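Chains as they are written, first to last, in numbering that gives the first Met the number 0: chain U, 0 to 67; chain W, 0 to 504.
In short, the hints are calculated from the structure, not lab data.
Any given hint might turn out to be false.
With a Cα cut of at most 27 angstroms, we get these calculated DSSO-like pairs of lysine-lysine [unchecked claim]: (1) W:K181 / W:K136; (2) U:K15 / W:K445; (3) U:K15 / U:K61; (4) U:K18 / W:K450; (5) W:K130 / W:K450; (6) W:K49 / W:K181; (7) W:K419 / W:K388; (8) U:K15 / W:K388; (9) W:K388 / W:K477; (10) W:K450 / U:K61; (11) W:K388 / W:K312; (12) W:K477 / W:K463; (13) U:K61 / U:K18; (14) W:K463 / W:K450; (15) W:K181 / W:K130; (16) U:K18 / W:K463; (17) W:K136 / W:K49; (18) U:K53 / U:K18; (19) W:K312 / U:K61; (20) W:K445 / U:K53; (21) U:K61 / W:K136; (22) U:K53 / U:K15; (23) U:K18 / W:K445; (24) W:K136 / W:K450; (25) W:K445 / W:K463; (26) W:K419 / W:K463.
Short derived list, chain U residues pointing at chain W, Cβ under 10 angstroms [said to hold, decoys possible]: (27) S1; (28) G5; (29) R6; (30) G17; (31) K19; (32) K20; (33) L34; (34) D50; (35) K53; (36) Q56; (37) H62.
Cβ pair distances, simulated, as ranges [what the hints assert, rightly or not]: (38) U:G5 / W:K49: 56 to 64 angstroms; (39) U:Q45 / W:Y467: 50 to 58 angstroms; (40) U:E49 / W:R491: 33 to 41 angstroms.
From a predicted model like this one, the values you see are computed outputs, not experimental measurements.
Ideal Cβ placement from N, Cα and C applies to all residues, glycine included.
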Amino acid sequence: MSSFTGRHTMYLFAMKNGKKKLAYGESPEGALEILRYRLTAEEMAQIVVEDYVKIHQRDLQKHVPDLG
Amino acid sequence: MSRAKRLLRTYLGAERSMRLKQFAKRSYLRSLSVLDKVPRRRVGAPDSRKTDILWLDLGDFGDLLFPLGAQEKWQDHGLGLLRTILHREGIATEIRSTRAMQSVEQLRREVRGYRVLLMNVRSYTFPMARKAAEIFKQENPGGLVLTGGMHASVAPDEMREVTHFDKICAGGGETVIVPLVKDPTAFPRFFAGDGTASMAEWPAIDRTLFPQPAGWLLRRRYRWPLEPDCGWGPSPVATILTSRVCPWQCSFCNESSYIPSMSRRPVVAVIDELNGLDARYGVGSVVIHDSMFFQDPSWLRELVDQYPRRARKLWPYWAAARADTVREWPDLFEALVRETNWNTISIGFESGSDRVLKLLNKECTEEDNDFAIELVNRLGDDLERRGRKPPVFWCNVILGVPGETREDAFKTMRMIKRMKRVMPSVAFYAPYPGSALGHQLIAEGKSLMSKDNYHRFPGDEKVKGIDYPFYRDLLAGKYAAEVNRGLDRQSRAREAASPDSLAKA
Chain U
0 MSSFTGRHTM YLFAMKNGKK KLAYGESPEG ALEILRYRLT AEEMAQIVVE
50 DYVKIHQRDL QKHVPDLG
Chain W
0 MSRAKRLLRT YLGAERSMRL KQFAKRSYLR SLSVLDKVPR RRVGAPDSRK
50 TDILWLDLGD FGDLLFPLGA QEKWQDHGLG LLRTILHREG IATEIRSTRA
100 MQSVEQLRRE VRGYRVLLMN VRSYTFPMAR KAAEIFKQEN PGGLVLTGGM
150 HASVAPDEMR EVTHFDKICA GGGETVIVPL VKDPTAFPRF FAGDGTASMA
200 EWPAIDRTLF PQPAGWLLRR RYRWPLEPDC GWGPSPVATI LTSRVCPWQC
250 SFCNESSYIP SMSRRPVVAV IDELNGLDAR YGVGSVVIHD SMFFQDPSWL
300 RELVDQYPRR ARKLWPYWAA ARADTVREWP DLFEALVRET NWNTISIGFE
350 SGSDRVLKLL NKECTEEDND FAIELVNRLG DDLERRGRKP PVFWCNVILG
400 VPGETREDAF KTMRMIKRMK RVMPSVAFYA PYPGSALGHQ LIAEGKSLMS
450 KDNYHRFPGD EKVKGIDYPF YRDLLAGKYA AEVNRGLDRQ SRAREAASPD
500 SLAKA
């Protein structure tokens with residue numbers, strides 16, 4: 000999907016350890032699918048899939064201390 | 000080219016790369032280890048100094064000493080701009096460059112006797128900046144170290160930890176540099192800078208304020224204050240900026256999360272600057288250093304209209320695009336190539352695989368990449384038929400992205416082989432702070448980069464769990480059969496990337 004036909008959104012998913020997982024995609028489901036490309040099943044299991052917020056790229060640096 | 004010649008070229012390229020990398024690494028490690036062994040001495044400033052304010056240009060030792068490589072020799076426009084602003088306000092600064100030095104001992108001698116040290120710190124120059132500040136303080140007790148630059152925006156905590164940094168400016172320095180140097184005590188230790196709203200407010204950089212290569216022979220060879228060629232176009236090279244900040248959100252960069260947006264430089268100002276440089280120094284070719292040149296169609300249309308009529312020459316130039324912007328505005332793209340001599344087309348293809356493009360949040364697809372490749376191949380054929388030099392891709396690709404499979408990497412190599420005229424620029428993925436994926440991998444404990452070893456050595460391993468030996472074998476051609484699968488005969492015969500294609504990341 001090119002940036003002219005469907006822009007991606009950034010998402011912060013809650014994790015069971017209290018941290019956040021940064022992901023991006025066309026939808027929350029798409030973002031999780033992309034995360035699955037690089038994370039193990041154990042790492043994916045730490046993500047609370049229904050608990051997420053959308054963030055704007057411009058605010059990315061504010062959320063860095065929360066990442067895990 | 001015969002197979003024997005190809006093999007010889009690959010071998011020699013790999014040998015040269017290896018020697019360069021070893022030299023760079025040795026210099027760098029020496030710079031970090033020798034410090035404590037050098038006896039501390041105090042001497043006054045030499046009589047030739049006109050000011051006690053020193054601007055230290057940062058980079059690896061030797062980059063402005065040895066005539067190898069070229070991109071290492073490019074000048075820092077941030078430094079040039081801020082020094083120009085200072086000098087216009089009557090605040091003289093001296094310039095030294097770690098790139099024109101060979102050792103920490105030399106750095107110690109060069110910073111001795113100054114009251115103020117200014118440095119523009121990027122992530123990959125952070126270790127050098129830290130060492131330079133430490134040495135400066137040892138040599139000049141009571142001296143002040145004033146810093147700014149991108150690393151202050153993307154890793155403010157790392158900057159704060161360096162006690163030798165007396166002032167740290169995060170953000171644009173254009174409007175604060177003069178008051179800061181005039182009265183540093185008026186500023187807190189860490190503060191937000193303030194850039195201009197438009198590049199139109201920037202003065203033209205006085206390029207004689209750029210650091211000089213060491214020795215008259217190299218100055219002549221590099222055509223200072225312009226820059227040496229790196230294979231993209233004839234020397235001397237004028238590097239310029241027409242825009243700042245790429246608004247896309249690729250996860251290896253995300254620069255618009257830490258650089259405020261700024262309106263583009265007027266077309267006429269860009270052309271007039273090039274004309275002025277040509278009149279004074281004789282421009283051979285141009286490198287437009289914009290993160291993303293091929294954006295903002297109305298500005299580009301004005302360039303197509305004005306440049307052929309107003310510029311003294313149609314200098315061949317290097318500039319960057321995205322595959323999806325080429326696909327979105329193909330006529331405009333073609334007009335720029337044909338009418339303005341856009342001769343080296345840098346496209347951040349990054350990968351030939353949709354999976355990896357998604358991991359990198361590139362928001363481009365394999366189809367977008369194929370479209371851009373076919374268009375440039377066709378344009379090149381047509382220009383060649385007309386007796387003109389065809390455009391060449393500067394093809395940026397990233398290997399070793401966490402989550403990339405071997406088949407993804409093969410697809411990337413196949414993509415490169417479909418380009419008829421290409422200079423591949425391959426980098427191993429580097430998780431820099433500031434970027435979305437970089438921050439995330441650092442938080443996951445998977446980054447092999449740290450504040451002690453941010454640097455841009457191309458062959459270094461940067462992320463845990465990546466099969467780097469596979470990538471080295473891939474670049475050495477050991478997977479030619481897999482890469483060639485499905486390619487037509489012409490593409491199979493072309494070279495893909497080699498170990499020599501590895502670039503700084």
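Hints, one by one, checked against the model:
Between the alpha carbons of K181 (chain W) and K136 (chain W) the distance comes to roughly 20 angstroms, so the proposed pair stays at or under 27 angstroms and holds. Our distance criterion of 27 angstroms between C-alpha atoms is met by K15 (chain U) and K445 (chain W), whose separation comes to about 19 angstroms. Distance check on the hinted pair: K15 (chain U) and K61 (chain U) sit about 21 angstroms apart at the alpha-carbon level, within 27 angstroms; holds. For the hint linking K18 (chain U) to K450 (chain W), the alpha-carbon distance of about 23 angstroms falls within 27 angstroms, and the restraint holds.
As the CA atoms of K130 (chain W) and K450 (chain W) are separated by approximately 12 angstroms, the hinted pair is consistent with the 27 angstroms bound. Proposed proximity of K49 (chain W) and K181 (chain W) is supported: the alpha carbons are some 16 angstroms apart, at most 27 angstroms. Proximity of K419 (chain W) to K388 (chain W) is assessed by CA-CA distance (about 13 angstroms); at most 27 angstroms being required, the pair is judged to hold. With a C-alpha separation of about 59 angstroms, the suggested pairing of K15 (chain U) with K388 (chain W) is violated against the 27 angstroms cut-off.
Between the alpha carbons of K388 (chain W) and K477 (chain W) the distance comes to roughly 33 angstroms, so the proposed pair goes past 27 angstroms and is violated. Distance check on the hinted pair: K450 (chain W) and K61 (chain U) sit about 20 angstroms apart at the alpha-carbon level, within 27 angstroms; holds. Of the pairs offered as hints, the one joining K388 (chain W) and K312 (chain W) holds, with about 16 angstroms between alpha carbons and a cut-off of 27 angstroms not exceeded. Pair hint K477 (chain W) plus K463 (chain W) holds up; C-alpha atoms about 23 angstroms apart against a cutoff of 27 angstroms.
Taken as a hint, the K61 (chain U) and K18 (chain U) pair is honoured in the structure, with Cα atoms around 14 angstroms apart against an allowance of 27 angstroms. Between K463 (chain W) and K450 (chain W), the direct Cα distance comes to roughly 16 angstroms. Compliance with the 27 angstroms bound is thereby established for this hinted pair. Between K181 (chain W) and K130 (chain W) the CA atoms are separated by roughly 25 angstroms; this keeps the pair inside 27 angstroms, and the hint holds. The suggested pairing of K18 (chain U) with K463 (chain W) holds, with an alpha-carbon distance near 21 angstroms, which does not exceed 27 angstroms.
For the hint linking K136 (chain W) to K49 (chain W), the alpha-carbon distance of about 21 angstroms falls within 27 angstroms, and the restraint holds. Simply put, K53 (chain U) and K18 (chain U) have alpha-carbon atoms about 16 angstroms apart, close enough for the 27 angstroms limit, and the pair holds. Our distance criterion of 27 angstroms between C-alpha atoms is broken by K312 (chain W) and K61 (chain U), whose separation comes to about 46 angstroms. Of the pairs offered as hints, the one joining K445 (chain W) and K53 (chain U) holds, with about 24 angstroms between alpha carbons and a cut-off of 27 angstroms not exceeded.
For the given pair, K61 (chain U) sits about 32 angstroms from K136 (chain W) by alpha-carbon distance, which is inconsistent with the 27 angstroms threshold. Using a Cα cut-off of 27 angstroms, the hinted pair K53 (chain U) and K15 (chain U) holds, with the two alpha carbons roughly 18 angstroms apart. Note on K18 (chain U) and K445 (chain W): the hinted pairing holds, with a Cα-Cα distance of about 16 angstroms set against a maximum of 27 angstroms. A threshold of 27 angstroms between alpha carbons decides the hint, and for K136 (chain W) with K450 (chain W) the separation of about 20 angstroms falls inside it, so the pair holds.
At roughly 5 angstroms between alpha-carbon atoms, K445 (chain W) and K463 (chain W) fall within 27 angstroms of each other, so this suggested pair holds. As the CA atoms of K419 (chain W) and K463 (chain W) are separated by approximately 35 angstroms, the hinted pair breaks the 27 angstroms bound. Hint on S1 (chain U) holds. Least Cβ distance to chain W is approximately 4 angstroms, under the 10 angstroms limit. Below 10 angstroms, beta-carbon pairs count as interface contacts, and G5 (chain U) has one with chain W at about 8 angstroms; its hint therefore holds.
Residue-level restraint check for R6 (chain U) holds (minimum Cβ-Cβ distance to chain W is 7 angstroms; threshold 10 angstroms). Interface restraint check: G17 (chain U) against chain W, minimum CB-CB distance 13 angstroms, threshold 10 angstroms, status violated. The closest approach between the C-beta of K19 (chain U) and any C-beta of chain W is roughly 9 angstroms, which is under the 10 angstroms cut-off, so the hint is satisfied. At its closest, the beta carbon of K20 (chain U) sits 7 angstroms from a beta carbon of chain W; the interface hint therefore holds under the 10 angstroms criterion.
Taking 10 angstroms as the C-beta contact cut-off toward chain W, the hint placing L34 (chain U) at the interface holds, the least distance being around 9 angstroms. Violation of the interface hint for D50 (chain U) is found here, the shortest Cβ-Cβ separation to chain W being roughly 17 angstroms, above the 10 angstroms cut-off. Restraint check, K53 (chain U) versus chain W: the minimum CB separation of about 13 angstroms is more than 10 angstroms; hint violated. Given the 10 angstroms rule on beta carbons, the hint for Q56 (chain U) holds: about 5 angstroms separates it from the nearest Cβ of chain W.
Interface hint status for H62 (chain U): upheld, as the beta-carbon distance to the closest one in chain W is roughly 8 angstroms, under 10 angstroms. Restraint check, G5 (chain U) to K49 (chain W): a C-beta distance of roughly 58 angstroms satisfies the suggested window 56 to 64 angstroms. Checked against the hint of 50 to 58 angstroms, the pair Q45 (chain U) and Y467 (chain W) fails, with Cβ atoms roughly 27 angstroms apart. About 49 angstroms separates the C-beta atoms of E49 (chain U) and R491 (chain W), a value inconsistent with the hinted range of 33 to 41 angstroms.
Of the hints listed earlier, those the structure fails to meet are numbers 8, 9, 19, 21, 26, 30, 34, 35, 39 and 40, in rising order.
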